[in-house]
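Protein chains in written order, with the numbering used here: chain A, 1 to 113; chain B, 1001 to 1114.
FYI, nobody ran anything at the bench for these hints, they're computed from the structure.
It should be emphasised that the depicted structure is a prediction, and the values quoted were computed from it without experimental measurement.
Partial chain B-side listing against chain A, Cβ under 8 Å, derived: (1) Val1050; (2) Pro1096; (3) Thr1102; (4) Pro1107; (5) Gly1108.
Calculated pairs, DSS-like style, for lysine-lysine (alpha carbon to alpha carbon, straight line, at most 25 Å): (6) A:Lys22 / A:Lys58; (7) A:Lys37 / A:Lys58; (8) B:Lys1009 / A:Lys42; (9) A:Lys57 / A:Lys22; (10) A:Lys71 / B:Lys1044; (11) A:Lys71 / A:Lys57; (12) B:Lys1044 / A:Lys68; (13) A:Lys22 / B:Lys1044; (14) B:Lys1014 / B:Lys1044; (15) A:Lys42 / B:Lys1044; (16) A:Lys37 / A:Lys68; (17) A:Lys22 / A:Lys42; (18) A:Lys37 / B:Lys1044; (19) A:Lys68 / A:Lys57; (20) B:Lys1009 / A:Lys37; (21) B:Lys1009 / B:Lys1044; (22) A:Lys71 / A:Lys22.
For the chain B half of the interface with chain A, some residues (derived, Cβ under 7 Å), not all of them: (23) Tyr1031; (24) Ser1094; (25) Glu1101; (26) Phe1105.
Glycine residues also receive a C-beta, built at the ideal position from the N, C-alpha and C atoms.
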Amino acid sequence: GENVEQHPSTLSVQEGDSAVIKCTYSDSASNYFPWYKQELGKRPQLIIDIRSNVGEKKDQRIAVTLNKTAKHFSLHITETQPEDSAVYFCAAKYGGATNKLIFGTGTLLAVQP
Amino acid sequence: NAGVTQTPKFHILKIGQSMTLQCTQDMNHNYMYWYRQDPGMGLKLIYYSVGAGITDKGEVPNGYNVSRSTTEDFPLRLELAAPSQTSVYFCASSYPLRDQETQYFGPGTRLLVL
Chain A
1 GENVEQHPST LSVQEGDSAV IKCTYSDSAS NYFPWYKQEL GKRPQLIIDI
51 RSNVGEKKDQ RIAVTLNKTA KHFSLHITET QPEDSAVYFC AAKYGGATNK
101 LIFGTGTLLA VQP
Chain B
1001 NAGVTQTPKF HILKIGQSMT LQCTQDMNHN YMYWYRQDPG MGLKLIYYSV
1051 GAGITDKGEV PNGYNVSRST TEDFPLRLEL AAPSQTSVYF CASSYPLRDQ
1101 ETQYFGPGTR LLVL
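Full structure from sequences and hints, please.
The following block contains the structure:
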């Protein structure tokens, strides 16, 4: 079945450093890849997404890259700040028009001041 | 817009009891979803709906039931609760259109089955 693998499970960086989280997916028909940020006790919130017709997308300090051939995509956060500390989930759309998402297991990012 | 709302925020349920988790959205989204999130894990899809009167199973549907009588509401029913159903439950909704796939999540319901 469909699967998304996410690495690393935990990531600790110094404030100002960059952080990279990587995901691989199994369904070659997937064409939409969102990233969600979840703070402790809160709901997941979309921070950036990318579609399969695009290789890279940026939004200020956040960027996502997609390699469709290798079936992997990555989240890049530059100039990290303490408020970036959270759990980040990648996801891949499957099931065609039903817009179902399959999620990775999450990365706990800790930004040390 | 209130977005996606869920009730209750927290509930303790005894083994074998039943309850309904409520989810409502005011964004006129056709698509709605129920997920569960276990500690340290990602989100697993329980059931989803592409419109009023239409529901289907996700990855982990056993022990749950849903209904969708209106566009706004998508309740999740737990029958004969078991400790394995202790989890945080999130409802989400989205448009059915390409390029508008973003799923918006509710605040979650934390359920403890003892």
